[in-house]
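Student: Chains A and B supply the protein sequences, listed in that same order. Counting in the numbering used here, the first sequence runs from 183 upward without gaps. Counting in the numbering used here, the second sequence runs from 219 upward without gaps.
None of these hints come from the bench; they were simulated from the model. Here the structure is a predicted model, which means the values were calculated and not measured. For every residue, glycine included, the Cβ atom is placed at its ideal position computed from N, Cα and C. Treat the hints with care, since some could be wrong.
Partial chain A-side listing against chain B, Cβ under 7 Å, derived [what the hints assert, rightly or not]:
1. Ala202
2. Gly205
3. Ala301
4. Leu302
5. Arg306
6. Val308
7. Met316
8. Trp374
9. Ser483
To spell it out: a stretch of chain A is covered by chain B in this simulated footprint if at least three of its residues, at any positions, have a beta carbon under 8 Å from a beta carbon of chain B; those stretches are [said to hold, decoys possible]:
10. 324-332
11. 442-449
12. 492-498
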Amino acid sequence: MLGPAAVVAAALLVSVGVLAGAGADPLAALAALGGGAFGDRFALVDTLVKSCPLALTGLAVAIAFRSGVWNIGAEGQLLAGALAATAAAHAAAERPLALAAALASAVAAGALWAGLAAALKLRRQVNEVIATIMLNFIAARLVGFAVHGPLMETAGHYPQSDVLPAAAHLPTLGGGLHGGIALALGAVPLVWLVLHRTALGFRWRAAGDNYYATHLAGLAPARATMSAMLVSGGLAGLAGGIEVTGVTHRLFEQFSGGQGYTAIAVALLARLHPGWVAVSALFFGALTAGAGAMQRSAGVSAVFASIVQATVILALLAAEAPRFAHRRGRRRDDLAPRAGTAA
Amino acid sequence: MTEWLVVLTASALALGTPLLFAALGELVSERAGVLNIGVEGLMLTGAFAGFLACWATGSPLVGMVAAAGAAMMLGALLALWVVGLDADQVVAGAALNILAVGVTGVAYRAVFGVTGAALTVPTFAPIALDGDAWWLAPLRQPAPVWVALALVPLVWLVLARTRLGLELRAVGEAPEAAASLGIRVAAVRVGALLAAALLAGIGGGYLSLAYSNTFVEGMSAGRGFIALAIVVFGRWRPLGILAGALLFGAASAAQFHLQAAGITIPYHLLLMLPYVLTLTVLAIATGTTAAPAALGRRRSECGPP
């Protein structure tokens, strides 16, 4: 069995091969990638800032997957969170609790977005993979509508919101870091605690490991599905709230560079373990920061990061195929809320 | 009114065709028990490969062949994972989608640089029909539209009336029983996935070679996922899938027509329509008795209870 480090190494090797195949100079590209991620103090700060939303969305995906729900919707939940945070911050203006209101709205909006998919799954047997992805598209269009309409800047030049009132800005930690990073770091042990040391977390894991046995044991797996999705969506929404109050300070189209999708790779590389999500988020944060630098200096599209993500997931699946099969064997059953296509 | 209907039908056909190709392919793979979440990535790959080959050769037909070929290569990769390695179908499919975004994006930038956006290629021309009868107008469609429509009875025929189709359905309903009768489950599933990739690739090629004349990063825009929903809506039957594809084609077309008709719904809310419709339709088309029994299950999850 390959360790995660070997998986990452193999994935990087394949990705660089693709790069060479596309006619780029792989060594120059890699140098630019490494420099952009770790080259100097600014690069390191960029890596940490990029890792922050990935840690939160990675935790979100890990919770859902551990509970047996395919939440592919962290992207939409993050956007819903960013949208709600922007609206709440502007509504609160310079009042003292503007930041708290913005972040709380972000969590609520993310939870609502995920809860919608969970309700469709539980009530109407709609496959959550399709539902969460559709909600991703709907959230992106909602953000587009908001920044072209009700939340558009007062100057009216660009499709973006006004800068958030200062009271709604996350405090900075100096050196370009923001308070959201502390929140994300705090969330890691908290999620571990809930997942492994509470009854709620036990129900989640039980529903994920064997839905049918959980049902027979009277542990109400449907409620576990719903609560897992609400918490998962809340975390992803918080990521969006932190991005808008801590980094961009305003909302615009293309607000998320696909962090919600990267989150899947983050969670899987961490083998759905909260502690490792922090490490995995750091890796993918470095990759995101580095890919941006690479695009600027080596002329290789930053979506190169997607190739690395995909190969990491595929390499993990290949390395873990037998074990995965053993651990999650016969996870689905007739009493599971059968989704539209797969259960 | 008639004129309006004619225009709507024409654009429903034009916009429904890529969905029809992809959903028919997905039908074949799902009837064999494989949930192919990677349709979106396969379509995107087809759109890019088709565009690239057409740009290089000037022939949309060559482009279409390349679209199918490239998607099948990616489909073979997916088959290796979900059939060969018995990997989880949702995770492997999601990885395929991410991979397609990366590969098409990097390759596009590598070949065309940053300024490629204005590049256009020759496309499939609408077939020529003489006469000016009003009902001729919606029939003036490029050849791939007619191929897609012809595929509906063809897929039905193969699935419902041939030995191959019977074996394929057996693999999707009861793989263990099928295997015990000497049907090679893995081979059937690989074949079904390759067929699905072929059709998804052509659906993607249609986007860059018939519906538009260029490639834009991420141009599949969720159509692969809508195709997944259409298979559910169509209750895993070719005719139902045709109805679903036309419905979604009409919904996408309605975006433009409502706008042209001066109805003041904000543009970005109109863009939401197909996705909202997908959720609504899935919520209504509830019940899963029509789904193949072994759909989405891995080999390690099958077996006697």
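Student: With reference to the structure, classify each hint as holding or not holding.
Tutor: Verification of the hints:
1. With a cut of 7 Å, the hint placing A:Ala202 at the interface with chain B is violated, because the nearest CB-to-CB distance is about 10 Å.
2. The restraint placing A:Gly205 at the interface with chain B holds, with a minimum CB-CB distance near 5 Å, inside the 7 Å limit.
3. Against a cut-off of 7 Å between C-beta atoms, the interface hint on A:Ala301 is violated, since the closest Cβ of chain B lies about 10 Å away.
4. For A:Leu302, the shortest C-beta to C-beta distance to chain B is roughly 6 Å, which falls under 7 Å, so the interface hint holds.
5. About 4 Å separates the beta-carbon of A:Arg306 from the nearest beta-carbon of chain B, less than 7 Å, and the hint is met.
6. For A:Val308, the interface hint holds, the least distance from its beta-carbon to any beta-carbon of chain B being 4 Å, beneath 7 Å.
7. Proximity of A:Met316 to chain B holds as hinted, the smallest CB-CB distance being about 5 Å (cut-off 7 Å).
8. For A:Trp374, the suggested interface contact is broken, since its CB lies about 22 Å from the closest CB of chain B, more than 7 Å.
9. Interface restraint check for A:Ser483: the shortest CB-CB distance to chain B comes to about 4 Å, inside 7 Å, so the restraint holds.
10. With 5 residues having a Cβ less than 8 Å from any Cβ of chain B, the region 324-332 of chain A passes the three-residue criterion, so the hint holds.
11. Residues of the region 442-449 of chain A lying with their CB closer than 8 Å to a CB of chain B number 3, which satisfies the three-residue condition for coverage.
12. Counting residues of the region 492-498 of chain A whose C-beta lies closer than 8 Å to any C-beta of chain B gives 4; at least three are required, and the coverage claim holds.
Going down the numbered hints, you'll see the structure goes against 1, 3 and 8, while the others check out.
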